[in-house]
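Please construct the entire structure, taking both the sequences and the accompanying hints into account.
These are the residues of each chain, in order.
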Amino acid sequence: MTFEPILLKRTSLPRSDSIDVYLENDGYAALARALREYAPGDLIEMVKASKLRGRGGAGFPAGAKWGFMPRNDGLKYLCVNTDEGEPGTFKDRELAEKDPHQIIEGAIIAAYAVGAERAFVYIRGEFFQGIKSWIKAIADAYARGFLGQNILGSGYDLNMSVHRGAGAYICGEETAMINSLEGRRGEPRLKPPYPTDNGYWGHPTLVHNVETLANIPHIVRHGPAWFANIGTEKSTGPKIFCVSGHVYRRGVYEFPLGISLRELLYEHAGGVPGGKAIKAVIPGGASTSPLTADQLDITLDFESLEGAGTALGTGAIIVLDEDTCMVDVARRSARFFAHESCGQCTPCRVGTQRAVDVLEGIEAGRGVPEDLDRLEMLCHGMLGNTFCPMGDAVVSAIGGILMRFRDEFEQHIRQAGCARAA
Amino acid sequence: MEPGLEPGHYAVTDPAKRSMLLTALYMAQEQYGYLSPEAMERVARRLSMSPREVYNTATFYSMFRTEPVGRHVIQVCEGLSCHLAGGAEDLFDFLMERLGIGAGQTTGDGRFTLQMVQCLAACGSSPAMRINDTLYTNLTLGQVDTILQELEERP
Ligand SMILES: Cc1cc2nc3c(=O)[nH]c(=O)nc-3n(C[C@H](O)[C@H](O)[C@H](O)COP(=O)(O)O)c2cc1C
Ligand code: SF4
Ligand code: FES
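Order-wise, the sequence lines are chains Y and S.
If you use the numbering used here, the first sequence closes out at 422, no skipped numbers anywhere.
If you use the numbering used here, the second sequence closes out at 155, no skipped numbers anywhere.
FYI, nobody ran anything at the bench for these hints, they're computed from the structure.
Predicted model, so just to flag it, every value in this text is computed and none were measured.
One thing to keep in mind: the hints can contain errors.
Stretch by stretch, here's where chain Y covers chain S in the computed footprint (C-beta under 8 Å, at least three residues) [to be verified]: (1) 58–64; (2) 95–106; (3) 132–146.
Heads up, the beta-carbon is just placed ideally off N, CA and C, and yes, glycines get one too.
Here you go:
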């Protein structure tokens with residue numbers, strides 16, 4: 001499949017982050033049109049018709065979320081989620097550093113559609129380059145009249161500012177992010193209420209991933225029917241896939257949702273080094289269950305991956321070749337989650353740490369058969385019993401590896417360690 | 001100043017000064033090198049919060065330090081993608097040897113602190129490392145040596 005990139009179109013241009021390059025390449029035309037030709041309600045209908053689904057991991061329909069925002073004159077906020085911390089994911093950093101105006105334009109249109117008067121960009125603390133390019137881009141957008149008072153003569157006002165996170169993966173979760181913006185510990189809040197009802201300091205708040213917002217100007221420019229025509233029936237539009245692990249050409253790729261995993265890995269990413277076979281592919285970032293080698297013909301869209309017991313997640317595809325030790329992969333994931341658990345709920349705080357202990361034991365050759373039951377019990381205790389979706393993510397990741405590669409775990413226990421490491 | 005020029009710039013209409021907390025902590029950390037009890041007390045006074053609340057919030061975030069660290073904090077990614085692509089372990093071993101310190105330690109001259117981290121969102125270009133605010137990717141050991149030499153030559 002050849003596909004003319006939409007979201008990554010400008011990123012290869014010199015000075016792609018500058019407002020001049022953006023303006024020379026159709027930049028802010030969609031905003032001008034949105035403000036001139038459409039009422040906020042029209043834009044909400046347009047995004048609904050495009051069937052765009054959130055790119056931050058959960059795949060929630062964007063238009064429906066816009067529709068949840070109350071239509072009154074009260075204070076409302078928009079948050080641009082640039083906290084990208086899911087291992088395997090590096091698309092938002094690429095977009096934020098190389099084409100920040102595309103996101104800003106999408107954010108302004110979204111804010112106008114839901115009547116928000118202020119937008120926050122919450123950016124991962126480690127992304128210093130991204131922070132600098134956001135700040136410059138926002139200042140340039142103010143200078144050209146795309147932000148601030150009476151935007152392009154429309155009477156609509158919007159202020160936008162950048163907020164730096166401080167090293168906590170969980171702050172990517174929308175309610176944790178709102179707590180962090182309020183100057184609190186980044187602990188998730190219990191939902192409902194959802195941020196669209198009760199977000200930043202109690203006001204309705206629309207939270208979107210960077211990539212989701214980057215799609216908005218294109219939907220306004222070319223129309224929802226054009227957008228809905230890209231991809232599959234239920235997963236529309238282009239998607240940025242991050243390909244990493246055991247693959248020749250690691251990097252970001254943009255294709256319509258619904259491209260086959262095999263095609264992406266073998267035709268575009270160059271296959272596996274050394275001509276090795278693939279053992280597993282983690283399809284949506286470290287929080288998702290792995291696919292096995294017999295599932296490479298699956299198409300990459302929300303519904304196919306859900307049907308296969310996993311998820312599209314952030315579209316971060318991690319390739320594991322035939323020599324990979326799955327116990328090691330599980331241990332590394334567990335370590336990540338144990339480190340990043342905010343500690344609010346016991347099943348997640350204790351469960352992730354216990355999983356690390358058990359997996360380290362198995363890897364070090366101290367495993368006993370009961371360990372596998374113990375891991376399953378830990379997963380069982382977490383599933384559906386935690387404050388935020390991270391508990392379930394841990395179960396998908398670690399439980400998923402155990403379920404699909406149980407024989408490797410048993411082999412480790414029988415042989416008192418990893419045969420591959422020897 | 002234009003709104004948006006400063007990270008964390010807030011309108012005066014903001015519901016609570018507390019929203020400034022992370023920004024204030026970054027500023028204090030920059031000024032003092034780490035968040036000493038005195039630094040946190042100053043932040044608390046400025047934002048009309050209790051020092052305990054400030055401490056309680058700051059310690060949630062890994063980028064806020066309540067202990068002094070080296071002038072250059074080196075973080076090497078040991079995340080899954082970087083591990084698979086290879087090179088992260090070698091890089092870490094090289095740094096330990098070269099600096100004579102282990103994970104989480106600081107060199108005697110207070111120049112370097114070495115840390116292992118989970119993912120720097122550079123999974124497509126490992127091995128990846130961050131020194132203070134700069135991200136380095138696709139590193140060779142030779143390049144790392146040059147980077148360290150340059151940092152060592154600085155006063
Ligand atoms: C543990 C956890 C971490 C998350 N991290 C991120 C993140 O880094 N970036 C992001 O956009 N969404 C993240 N999310 C999803 C957000 O909660 C939220 O669903 C998303 O920002 C909504 O945007 P979207 O509708 O455009 O996808 C995370 C969710 C969970 C449970
Ligand atoms: S599930 Fe884990 S990360 Fe989420 S709120 Fe509970 S302890 Fe925190
Ligand atoms: S796993 Fe190393 S940068 Fe993501």
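Okay, the hints, checked on the actual structure:
no., hint, result
1, 58–64, "holds (count 5)"
2, 95–106, "violated (count 0)"
3, 132–146, "holds (count 3)"
Checked against the numbered hints above, the structure breaks only hint 2 and satisfies the rest.
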